[in-house]
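Same order as they appear, the protein sequences are chains A and B.
Heads up: the first sequence runs through residues 15 to 405, numbered per the working numbering.
Heads up: the second sequence runs through residues 12 to 254, numbered per the working numbering.
Where hints are given, some of them may not hold.
Claimed, not checked - Label pairs and their computed distance ranges (CB to CB):
id : chain 1 : residue 1 : chain 2 : residue 2 : range
1  : A       : Leu-256   : B       : Val-176   : 46 to 54 Å
2  : A       : Glu-400   : B       : Tyr-74    : 19 to 27 Å
3  : A       : Lys-395   : B       : Thr-68    : 19 to 27 Å
4  : B       : Tyr-74    : A       : Lys-395   : 23 to 31 Å
5  : B       : Ser-77    : A       : Lys-344   : 53 to 61 Å
6  : B       : Gln-14    : A       : Gln-24    : 36 to 44 Å
7  : B       : Gly-173   : A       : Glu-400   : 46 to 54 Å
8  : B       : Asp-228   : A       : Lys-395   : 45 to 53 Å
9  : A       : Ala-286   : B       : Tyr-74    : 51 to 59 Å
10 : A       : Gln-24    : B       : Gly-235   : 38 to 46 Å
Said to hold, decoys possible - Derived lysine-lysine pairs resembling DSBU-like cross-links, with alpha carbons at most 30 Å apart:
id : chain 1 : residue 1 : chain 2 : residue 2
11 : B       : Lys-85    : A       : Lys-18
12 : B       : Lys-194   : B       : Lys-85
13 : B       : Lys-142   : A       : Lys-18
14 : B       : Lys-194   : A       : Lys-395
15 : A       : Lys-102   : A       : Lys-128
16 : B       : Lys-142   : B       : Lys-85
17 : B       : Lys-26    : B       : Lys-63
18 : A       : Lys-395   : B       : Lys-26
19 : A       : Lys-318   : B       : Lys-149
20 : B       : Lys-140   : A       : Lys-315
21 : B       : Lys-122   : B       : Lys-140
22 : B       : Lys-85    : A       : Lys-395
23 : B       : Lys-142   : B       : Lys-63
24 : A       : Lys-344   : A       : Lys-315
25 : A       : Lys-318   : B       : Lys-142
26 : B       : Lys-140   : A       : Lys-18
Bear in mind the hints are in silico, worked out from the structure with no lab data behind them.
On a predicted model such as this, the values are computed, not experimentally measured, just so you know.
Each residue gets a CB set at the ideal place from its N, CA and C atoms; glycine is no exception.
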Amino acid sequence: MIRKILVVAQKEILDHLRDYRTMLTVLLWGLLAISVIGGMTMLLGANLREQIEKPFTLYVAGMENAPTLLSFLAQQNVVIEPAPPNPKAAVSTGDISIALIIPPEYSEDFSSGKTAAVKLVYDSTRLSAAVDKTRVEKLLETYDYYIGLLRLSVRGVSPEVIRVVQIESVDTATPQSKALAVFSMLPYLTIAVIFSGAAALITDATAGERERESLEPLLINPLPRGWFAIGKMLAAIPLTVLNLLITLASIAILFRVLPMGEMMGVRLGFNAGALTLILLLCLPVVLLASAAQTLVASFTKTVKEANTHLPYIALIVSLPGALLPFLPVKPALWMMLTPILGQQVLMNQILRSEPVSAMNVLIASLGTTLVSVGFTFIAVKFYESERILSR
Amino acid sequence: MIQVQNLSKSFGKIKAVNYVSFSALDGQVTGLLGPNGAGKSTILRMLYTLFKPDEGTAQVDGYDVSRFPLEVKKRIGVLADARGIYPRLTARENIRYYGYLHGVEKGALEKQIDMLIHLLDMQSIADRKAKGFSTGEKLKVAIARALVHNPQNVLLDEPTNGLDVISTRAMRRLILRLKEEGKCILLTSHIMQEVAALCDHIVIISQGNITASGTADELRQLTGQSDLEDAFVSALGVKEEWG
Numbered sequence: 015m016i017r018k019i020l021v022v023a024q025k026e027i028l029d030h031l032r033d034y035r036t037m038l039t040v041l042l043w044g045l046l047a048i049s050v051i052g053g054m055t056m057l058l059g060a061n062l063r064e065q066i067e068k069p070f071t072l073y074v075a076g077m078e079n080a081p082t083l084l085s086f087l088a089q090q091n092v093v094i095e096p097a098p099p100n101p102k103a104a105v106s107t108g109d110i111s112i113a114l115i116i117p118p119e120y121s122e123d124f125s126s127g128k129t130a131a132v133k134l135v136y137d138s139t140r141l142s143a144a145v146d147k148t149r150v151e152k153l154l155e156t157y158d159y160y161i162g163l164l165r166l167s168v169r170g171v172s173p174e175v176i177r178v179v180q181i182e183s184v185d186t187a188t189p190q191s192k193a194l195a196v197f198s199m200l201p202y203l204t205i206a207v208i209f210s211g212a213a214a215l216i217t218d219a220t221a222g223e224r225e226r227e228s229l230e231p232l233l234i235n236p237l238p239r240g241w242f243a244i245g246k247m248l249a250a251i252p253l254t255v256l257n258l259l260i261t262l263a264s265i266a267i268l269f270r271v272l273p274m275g276e277m278m279g280v281r282l283g284f285n286a287g288a289l290t291l292i293l294l295l296c297l298p299v300v301l302l303a304s305a306a307q308t309l310v311a312s313f314t315k316t317v318k319e320a321n322t323h324l325p326y327i328a329l330i331v332s333l334p335g336a337l338l339p340f341l342p343v344k345p346a347l348w349m350m351l352t353p354i355l356g357q358q359v360l361m362n363q364i365l366r367s368e369p370v371s372a373m374n375v376l377i378a379s380l381g382t383t384l385v386s387v388g389f390t391f392i393a394v395k396f397y398e399s400e401r402i403l404s405r
Numbered sequence: 012m013i014q015v016q017n018l019s020k021s022f023g024k025i026k027a028v029n030y031v032s033f034s035a036l037d038g039q040v041t042g043l044l045g046p047n048g049a050g051k052s053t054i055l056r057m058l059y060t061l062f063k064p065d066e067g068t069a070q071v072d073g074y075d076v077s078r079f080p081l082e083v084k085k086r087i088g089v090l091a092d093a094r095g096i097y098p099r100l101t102a103r104e105n106i107r108y109y110g111y112l113h114g115v116e117k118g119a120l121e122k123q124i125d126m127l128i129h130l131l132d133m134q135s136i137a138d139r140k141a142k143g144f145s146t147g148e149k150l151k152v153a154i155a156r157a158l159v160h161n162p163q164n165v166l167l168d169e170p171t172n173g174l175d176v177i178s179t180r181a182m183r184r185l186i187l188r189l190k191e192e193g194k195c196i197l198l199t200s201h202i203m204q205e206v207a208a209l210c211d212h213i214v215i216i217s218q219g220n221i222t223a224s225g226t227a228d229e230l231r232q233l234t235g236q237s238d239l240e241d242a243f244v245s246a247l248g249v250k251e252e253w254g
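Take the sequences, apply the hints, and build the full model.
Below, the structure written as structure tokens:
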């Protein structure tokens with residue numbers, strides 16, 4: 015009997031290896047993985063370095079009013095340029111990202127020891143302006159504090175009087191976790207690959223079978239009807255695993271070819287071992303994807319109808335991953351028991367080079383497998399009922 | 012051999028098949044004749060175990076369709092109303108798939124496939140992918156895969172539907188050949204002439220009920236009509252209007 019299930023699976027695989035769309039999808043996912051991860055790494059890495067190392071140009075109106083301030087800024091690697099005649103217009107058209115306006119009364123207020131006002135002009139809807147604004151503000155605060163200290167010292171007051179609390183930051187982020195901005199894409203991508211890899215095969219083997227009127231004759235063959243559903247699910251598994259393998263391998267190759275670590279300015283805990291672990295971790299999800307999609311597609315009449323329903327599954331499964339940033343850091347039992355969420359949390363741990371608990375892997379794998387068995391059971395029952403023909 | 016006793020099936024409130032009884036013997040062609048929607052296909056679907064009867068029994072070579080569906084399916088070859096084949100597989104691969112599903116041993120299977128390809132005169136399409144096959148070519152594949160396990164009982168749902176005259180005659184020759192081999196053949200049709208030309212035993216069905224049965228001659232006598240078409244219409248017991 016097992017042999018006959020394999021006959022069904024084998025036929026579906028042969029059938030789909032001849033379908034150029036199936037193979038195209040597999041290759042496209044590999045390319046997509048490379049371009050998303052590679053592209054993001056390069057962009058992010060380049061961005062970070064540029065903003066930190068590049069001398070920063072500040073456009074100033076009223077330069078003559080604050081020579082001390084400007085020489086302080088010049089010492090901090092800031093290039094001072096005279097602002098255009100109308101700084102506000104120049105900022106709102108995007109010619110310059112930020113301008114500092116020093117009013118004529120600054121000089122007098124400063125000399126007489128009063129609080130002297132300066133103006134920063136920027137457009138908060140421009141992301142690049144936010145970085146510049148933070149940088150200028152920080153420099154101005156430093157100058158403010160520095161001059162303040164001098165003034166207090168001159169008057170014989172200890173500077174500690176105005177320093178009520180001193181903040182010492184201890185950042186526990188490792189270089190690896192800084193690179194996570196890029197790798198947070200990987201769990202999403204992996205799940206997306208699993209749920210799209212064999213979608214074409216599954217729709218064709220279920221809804222397609224109904225649409226081309228080959229389902230009824232097929233079911234007359236002497237094996238329990240539910241077994242056809244199992245055979246079709248099994249056929250989707252090797253294709254999905256192949257797809258996943260190609261995606262992960264193309265990422266691995268990308269990291270060999272490109273000096274990712276240097277680009278990001280950090281060392282990465284991302285190697286063949288981690289990729290293998292991710293692959294194994296995903297196997298129950300492959301099961302789940304194949305069972306859930308077979309079930310849904312079995313209820314649809316045509317390939318077109320199936321293609322409108324399957325994307326909803328992909329959306330639903332991507333929801334837990336979207337919650338990830340809001341969840342507590344420590345993996346909890348309920349997370350491990352939630353299919354896909356558990357695997358995504360664990361994948362994140364692997365990428366962070368954190369120790370992964372074998373118990374959690376076991377719970378997540380078992381939970382997901384059980385849910386898949388549930389879906390399979392419903393699909394088998396559906397194939398055994400008369401409704402499979404009347405729909 | 013196929014035996015049907017008091018077979019009934021309803022879909023919701025509609026009684027599709029109503030206490031139908033008949034037998035189809037080995038070495039004979041039995042025809043279920045009736046207008047569109049009379050319940051012929053529903054009877055066949057119960058015989059090939061896709062539908063469960065609400066009441067009554069049906070047996071194929073002594074195996075009850077409800078209790079031993081797998082034994083029944085091993086003993087029947089079916090040309091269903093739905094005749095879809097797989098467009099990316101060749102004709103031969105389409106047939107071979109069903110052979111494997113029937114558990115036919117590889118050596119015997121290839122021999123049987125070659126025999127069927129020869130019998131149905133489909134050498135020229137045997138190793139072509141089925142995409143783009145004509146209706147007749149598709150039907151040949153569907154017939155061949157139904158006979159790949161050399162079944163004793165052959166169920167044909169409207170076997171000549173949509174065929175041109177050449178293909179129709181070839182199909183009739185095939186049915187008569189199967190009869191000569193001693194097989195039990197049960198076919199449905201709404202075409203009276205076809206049934207008259209082929210069948211040893213005719214069962215006329217109207218609105219889920221058997222209204223008459225017998226040989227063509229017996230039906231003529233029974234209804235008192237000399238023309239078979241008149242006999243058919245008379246046996247249906249319905250007014251002549253668009254149904």
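Outcome of the hint check:
| no. | hint | verdict |
| --- | --- | --- |
| 1 | A:Leu-256 / B:Val-176: 46 to 54 Å | holds, 50 Å |
| 2 | A:Glu-400 / B:Tyr-74: 19 to 27 Å | holds, 20 Å |
| 3 | A:Lys-395 / B:Thr-68: 19 to 27 Å | holds, 25 Å |
| 4 | B:Tyr-74 / A:Lys-395: 23 to 31 Å | holds, 24 Å |
| 5 | B:Ser-77 / A:Lys-344: 53 to 61 Å | holds, 56 Å |
| 6 | B:Gln-14 / A:Gln-24: 36 to 44 Å | holds, 37 Å |
| 7 | B:Gly-173 / A:Glu-400: 46 to 54 Å | violated, 26 Å |
| 8 | B:Asp-228 / A:Lys-395: 45 to 53 Å | holds, 50 Å |
| 9 | A:Ala-286 / B:Tyr-74: 51 to 59 Å | holds, 57 Å |
| 10 | A:Gln-24 / B:Gly-235: 38 to 46 Å | violated, 59 Å |
| 11 | B:Lys-85 / A:Lys-18 | holds, 14 Å |
| 12 | B:Lys-194 / B:Lys-85 | holds, 14 Å |
| 13 | B:Lys-142 / A:Lys-18 | holds, 25 Å |
| 14 | B:Lys-194 / A:Lys-395 | violated, 34 Å |
| 15 | A:Lys-102 / A:Lys-128 | holds, 27 Å |
| 16 | B:Lys-142 / B:Lys-85 | holds, 29 Å |
| 17 | B:Lys-26 / B:Lys-63 | holds, 14 Å |
| 18 | A:Lys-395 / B:Lys-26 | holds, 25 Å |
| 19 | A:Lys-318 / B:Lys-149 | holds, 24 Å |
| 20 | B:Lys-140 / A:Lys-315 | holds, 25 Å |
| 21 | B:Lys-122 / B:Lys-140 | holds, 20 Å |
| 22 | B:Lys-85 / A:Lys-395 | holds, 22 Å |
| 23 | B:Lys-142 / B:Lys-63 | violated, 34 Å |
| 24 | A:Lys-344 / A:Lys-315 | violated, 44 Å |
| 25 | A:Lys-318 / B:Lys-142 | holds, 19 Å |
| 26 | B:Lys-140 / A:Lys-18 | holds, 23 Å |
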